[in-house]
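Asks: In case you want the letters, here they are:
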Amino acid sequence: MAIIEEPLALPSGDRPTVSNPLGGLSRPRGATGLKDWLTTVDHKKIGIMYGAAALFFFVIGGIAALGIRTQLAAPDQTLLSGDAYNRVFTMHGTVMVFLAVMPLGAAFANYLLPLQIGARDVAFPRINAFSFWVFLAGGILLNTSWFIGGGANGGWFNYAPNNGVAYSPSTGIDFWNIGLLIAGIGSMTGAVNLITTVLNMRAPGMSWMKMPVFTWMTLVTQFLLLFAIPVLTVAQVLLLLDRGFDANFFNVEQGADPLLWQHLFWIFGHPEVYLMILPAFGIVSETIPVFSRKPIFGYPFMVASGVGIGFMGWGVWAHHMFVSGLGPLSVAAFSAVTMFIAVPTGVKILNWLATMWGGKLLLNTAMLFSIGLVTQFTVGGLSGVMHSVAASDTQQTDTYFIVAHFHYVLFGGALFGFMAGFYFWWPKAFGYKLSEKWGKAHFWTMVAGFNLTFGPMHILGLQGMPRRMQTYSEVQGFGLWNMVATIGSFILGVGSLLILVNAFVSYRAWKRAGRPDVGPDPWDARGIEWMIQSPAPEHNFDVDPVITELDDFWHKKYAEDENGKLVRVATAEELAHPGNGEGVHLPAPSYWPLVLSIGIMIIGYGLIFSLYLCIPGAFIMMTALYGWSLEPADDLDADDHHHGEVEVAHG
Amino acid sequence: MNTSNRRNRWRSGLLLALVAVTAAACAEDKPLNIFEPQGPQADRIHGNTLFILWMATAVFVATFAGAGYIIWKNRVSEEEFNDGEFPEQVHGNPTLEWGWTALPGLILAVVAVVTVPTIFALEEKNDADELDVMVIGQQWWWEYRYDVDGDGFFIDGNGDGVVDELDEGLPLEFSLDPDDVSTAQEMVIPVGQQVDLLITSRDVIHSYWIPRLNGKRDAVPGRIHTWSLEADEAGEYTGWCTEYCGLSHARMRMSVIALPQNDFDAWLANQMLPAAQPDPSDELAIAGKELFGQQCASCHVVDDPDFSYPTILRDSLGDPVLDDTDHEIPTSIFVSPQVAKAAPNLTHFASRSAFGGAIYSQYAELDANDDDLNELGIETYTDLDANYRWNTAQLRRWIANAPSQKDMAPDDRRGMPSFALSDEQLDQLVAYLATLD
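Quick mapping for you: the protein sequence lines, in order, are chains L and V. Residue numbers for the first sequence follow this note's numbering, beginning at 1 and rising by one. Residue numbers for the second sequence follow this note's numbering, beginning at 1 and rising by one.
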């Protein structure tokens, strides 16, 4: 069920013979190495690049975090000046949210979605490449501010009017604003792309209620992105006009109400929280059944609660503003809605536990990280319910109690889920398993470091330590738990790097062993992505899989015998597609997504430094747009694939 | 009127209060701890906090015990996992699932029933004849204005008052009602009386938070947020700005000092007096006063007829916007004849316990090492004359080069600049400031 798009026929009825009208940037054919990565439109390679970029930014954000923790280890430290500290904590939050956790969700979505629904690729492969490159352009632009803008210093939610030129004259805020605006383009195009893919390109027989839970959660995530990012974009464009062109959207002296920014930011910002966690929820909904040897408990409830969270997530934004003077009626209303969003989340936790109940649990690294999410997220969820009690929140908000809360949700929740996903799908992507020995070391150091870092922050918050404090004095009595948290953060830093160590060590061992085939289905798993070879061949499935059940692959492997006992009826090797791409036509690679992103990035620098710089940027952008639209979606002259079946829509 | 008597009386009251504070501070070394409410508002919040904390703890224990049991009981070795045997393939149990959808819903409904009345209770106003204080945040200190005559107007320097506490929507001005009081760093309140606050800001968003007395409320420029405080006992209650407000957010602190009613009345009466004059024999202080007029009075107000304040008023960026004879020029909320260029009013500087955004103590132990006096340590001056002295060393460092003591951006006209003053000039200024009690 793919979108079919035939190339335009000439009036004569012949097919066009010249398909590279712009010779200078001719379509790359049979590219390898760097050129292949720069021009690829393969959703799997793009997914891997998202993952690599996210881990790179995760390291940058992590270094910033260690800077914060070192500064706060003891009272009256002077490692970071007030100005430097403000920039470091702002960049830490911004990089982690927008350039590490969000793209990790995009990495898994890109890699897995087509595989889970049995598609050849995403609906618009070139737009998919563009989504990645423009995200990377925004991320790089934001991070160059370390060197040429001093780093943003407004906090990750960058409240007005402190974000105005009068109070933040350096260009750091401009980098924050433009960088995220540009990265947001990628989120939008990615959302449209993946929604179209799920709606239109599911394998024959895959009805809504036979879709894997990860696919469902990713679909909800993409809808959240589709509606949330524009709200942030509106706020950022207003800020751009304020800062660059003396507009008065947030200028109090001209009658503006600075709470406008807060409303816009959090109308984006709260769905943002859920779109960071839902992909991780999807991942552990895949891993827990596999390593419990049981189907997911209450699939319809899992789907419905995910969709419910997606809807309710729009009605709770003002709980970030309980002390901003909304008035008691608004506070009471948002307080109640915030409480009840705990219901669908609680359903998920209980359903995961019920999946494990009575199962056979294999506690390997992927499963440990999944259990890590279930338990650590529970802690974050409960402190979240505490915040929903608005009166109580007036004591907790903007203290370290909040810092503890959202790290339990985003690190203990989302990142642990993504780590589970790495261990689970690594063999599918790269053809070898990550080491269990290193994996367990990775998990336990992370759990220990994580709880040692963020657990004490609950106490610090209740002792009254406000967040975003460059320093504190002896008399406040915060020294002890800050020191514990700092020690924990270094353990956590080491633990986080072990995923990279593990990847390196496991790859080397695999290479030395002569690259043994890990097989299509190393975990005896359930989804159809395990029905193809590992690593996944470029064309995914040899033929469209036909779906008859939820967890279709598993049901093809196992069936009940006459006594009602489950027995294996086929091996994975028998069922797996051999990986023969004969007759499959793939979308052709292209330079234009990359060139377009570079043009946009140059325009971004122009908006920060000089509008004249926008002219070459706009020229490159327009060239890329024309080149893209003149480049036939189909590479008719390519000889590396047969032209039997045109099966992928073209973006 | 015997002003010196009145001064002595408030001072002894203040010191008495600080004895109580000292005892409290020694007993508990976490001055911002939210679990020690000392006023009815904080107490009410504390009740909610304990309620939800115990609920959350119960759910936490149940979930972790359940998860631990399930994992412990069902874990298997890799061999057993791969032995081809399968546990019962349960796909779900709608009854159970509806149950655990409804049950948390019911629990949370109970939580909501507890929560909502508190939200409204915290908004209740005091009686009309009780004290109202306007709390004005700016980078990086707090100003307090007392509506002493209780006319509900905090403004009306020109006789056309526009803001009363019942009508929050009107545009703000900060020109002072002549019979009101403007002070900084610490808010002095009477014990056992609900003091209503009208919280706002001159520049960016700040948040006012005295954890032992009430939760936070943001100070948003262009808006007045009502909030209240009440202290059950005399003492000092410290707080910290809790909305990130730029460069020196970490050094924007504050405190509330609660005094018995009589002492509070004496304090207030003293605050309403014009600035004290240096003793004619105190040449150092008289020279300091002259220097103050030249160097400091363009930003800091001292209510003394000898100082002529600039006719050109400035907005927060230091740009002249209004001359005080021409009321037709649009006013800005940043304009104030009492706080020209938004620096603390120093008329009664020496009556305060802290300076520099409430981060430095004005007093030090007699034998203290001057190099150690950087931070406000309210252990404090129970017997000023015998054991404590004026914190001259830190005050001199502050006046000479404030940006070296606290991150500020004087070049952007935010914060106090560094002055090239000689040691002799510093001595003169400190001597003059010490007379402003």
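Because the hints were derived from the structure by calculation, they are not lab data. Please note: incorrect hints may appear among the correct ones.
Only some residues are given here: those of chain V computed to face chain L with a beta carbon under 7 Å [what the hints assert, rightly or not]:
no. : residue
1   : T392
2   : R397
3   : S422
Short derived list, chain L residues pointing at chain V, Cβ under 10 Å [unchecked claim]:
no. : residue
4   : Y85
5   : G164
6   : G346
7   : W352
8   : Q476
9   : L497
10  : L498
11  : L500
12  : P535
13  : P537
Note that the structure is a prediction, hence the values are computed from the model and not measured. For every residue, glycine included, the Cβ atom is placed at its ideal position computed from N, Cα and C.
Asks: Give a verdict on every hint.
Replies: Hints versus structure:
1. T392: violated (20 Å)
2. R397: violated (15 Å)
3. S422: The hint is violated - S422/V has no Cβ within 7 Å of chain L, the shortest such distance being about 28 Å.
4. Y85: holds (8 Å)
5. G164: Cβ of G164/L sits 9 Å from chain V, so the hint holds.
6. G346: holds (5 Å)
7. W352: holds (9 Å)
8. Q476: holds (6 Å)
9. L497: Hint on L497/L: violated, closest Cβ of chain V at ~27 Å, above 10 Å.
10. L498: violated (22 Å)
11. L500: It is violated, given that the least Cβ distance between L500/L and chain V is near 26 Å, above 10 Å.
12. P535: violated (23 Å)
13. P537: Nearest chain V Cβ about 27 Å off; hint violated.
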